[in-house]
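**Q** So you can see what is in the structure, the chains are spelled out below.
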Amino acid sequence: GAVVSQHPSRVICKSGTSVKIECRSLDFQATTMFWYRQFPKQSLMLMATSNEGSKATYEQGVEKDKFLINHASLTLSTLTVTSAHPEDSSFYICSPSLTDTQYFGPGTRLTVL
Amino acid sequence: SQKIEQNSEALNIQEGKTATLTCNYTNYSPAYLQWYRQDPGRGPVFLLLIRENEKEKRKERLKVTFDTTLKQSLFHITASQPADSATYLCALDDGTGDDKIIFGKGTRLHILP
Numbered sequence: 002g003a004v005v006s007q008h009p010s011r012v013i014c015k016s017g018t019s020v021k022i023e024c025r026s027l028d029f030q031a032t033t034m035f036w037y038r039q040f041p042k043q044s045l046m047l048m049a050t051s052n053e054g055s056k057a058t059y060e061q062g063v064e065k066d067k068f069l070i071n072h073a074s075l076t077l078s079t080l081t082v083t084s085a086h087p088e089d090s091s092f093y094i095c096s097p098s099l100t101d102t103q104y105f106g107p108g109t110r111l112t113v114l
Numbered sequence: 777s778q779k780i781e782q783n784s785e786a787l788n789i790q791e792g793k794t795a796t797l798t799c800n801y802t803n804y805s806p807a808y809l810q811w812y813r814q815d816p817g818r819g820p821v822f823l824l825l826i827r828e829n830e831k832e833k834r835k836e837r838l839k840v841t842f843d844t845t846l847k848q849s850l851f852h853i854t855a856s857q858p859a860d861s862a863t864y865l866c867a868l869d870d871g872t873g874d875d876k877i878i879f880g881k882g883t884r885l886h887i888l889p
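Residue numbers (this note's numbering), protein chains in the order written: chain A, 2 to 114; chain B, 777 to 889.
Please note: incorrect hints may appear among the correct ones.
[To be verified] Quick list of in silico lysine-lysine cross-link-like pairs, DSSO-like style, CA-CA up to 27 Å:
1. B:K881 - A:K65
2. B:K833 - B:K881
3. B:K779 - A:K42
4. A:K42 - B:K881
5. A:K67 - B:K881
6. B:K847 - B:K876
7. A:K42 - A:K67
8. A:K56 - B:K847
9. A:K67 - B:K847
10. A:K21 - A:K42
Think of the hints as simulated: they come from the structure by calculation, not from any bench.
Work out the full structure, taking the sequences as your base and the hints as a guide.
**A** Laid out in structure tokens, this is it:
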């Protein structure tokens, strides 16, 4: 199956700092990238959708100025959590799309102290 | 309102038996439905996709059914093994044609040796 990597896998930061999460599709080119977050015992919630070279589309309730998404190439997308706060602590998962199948990264556990 | 419900938060099944997980949805008209496996601290792994015009799909020990009248999908694991223990997520496209998928909360399956 398709290989997706995320880095870092785990990050702990202080409140107010910014954290960048990288997502790479290693063996295919993804025109669309989805970013999800998952709180404990909850379903994956879509945060935003981005297409290579264009601005991301954010879901209702997700602040675009707080969660910056860059989809610079067909194999790389980044999510930056700016001025992180404890309520941003969650499991962030990227998902590059290939036709009608989405592949998921291993996730990044963010803990904001 | 739109809902995706997976039958139970957790399910215990004896090794060797068939595990059956249920996914019901309300106020969606999905073109397809997917099942994923998620292990703790990991991203989801795609298992099967079934389209609205398909009644049943099989892959090795896995079988998925899709009843668009009942608005329900059943996911079966036959000859279950302890290694099948994981959370299984049902997901469906939101019907808008933009490849967004919506996830259920998942069912934690424990296969007891």
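**Q** Work down the list of hints and note, for each, if the structure agrees.
**A** Each hint, compared with the structure:
1. The hinted pair formed by K881 of chain B and K65 of chain A meets the criterion: a straight-line CA distance of about 25 Å does not exceed 27 Å.
2. This hinted pair checks out: K833 of chain B and K881 of chain B have alpha carbons roughly 22 Å apart, not beyond 27 Å.
3. Between the alpha carbons of K779 of chain B and K42 of chain A the distance comes to roughly 17 Å, so the proposed pair stays at or under 27 Å and holds.
4. About 7 Å separates the Cα atoms of K42 of chain A and K881 of chain B, which keeps this hinted pair within 27 Å; it holds.
5. Only pairs whose Cα atoms come within 27 Å are accepted, and K67 of chain A paired with K881 of chain B is accepted, the gap being roughly 25 Å.
6. Restraint check for K847 of chain B and K876 of chain B: the C-alpha separation of about 19 Å stays at or below 27 Å, so the hint holds.
7. Distance check on the hinted pair: K42 of chain A and K67 of chain A sit about 24 Å apart at the alpha-carbon level, within 27 Å; holds.
8. A distance of roughly 35 Å separates the Cα atoms of K56 of chain A and K847 of chain B; the hinted pair therefore is violated under the 27 Å criterion.
9. Using a Cα cut-off of 27 Å, the hinted pair K67 of chain A and K847 of chain B is violated, with the two alpha carbons roughly 37 Å apart.
10. A threshold of 27 Å between alpha carbons decides the hint, and for K21 of chain A with K42 of chain A the separation of about 24 Å falls inside it, so the pair holds.
Hints 8 and 9, counting from the list given before, are not met by this structure.
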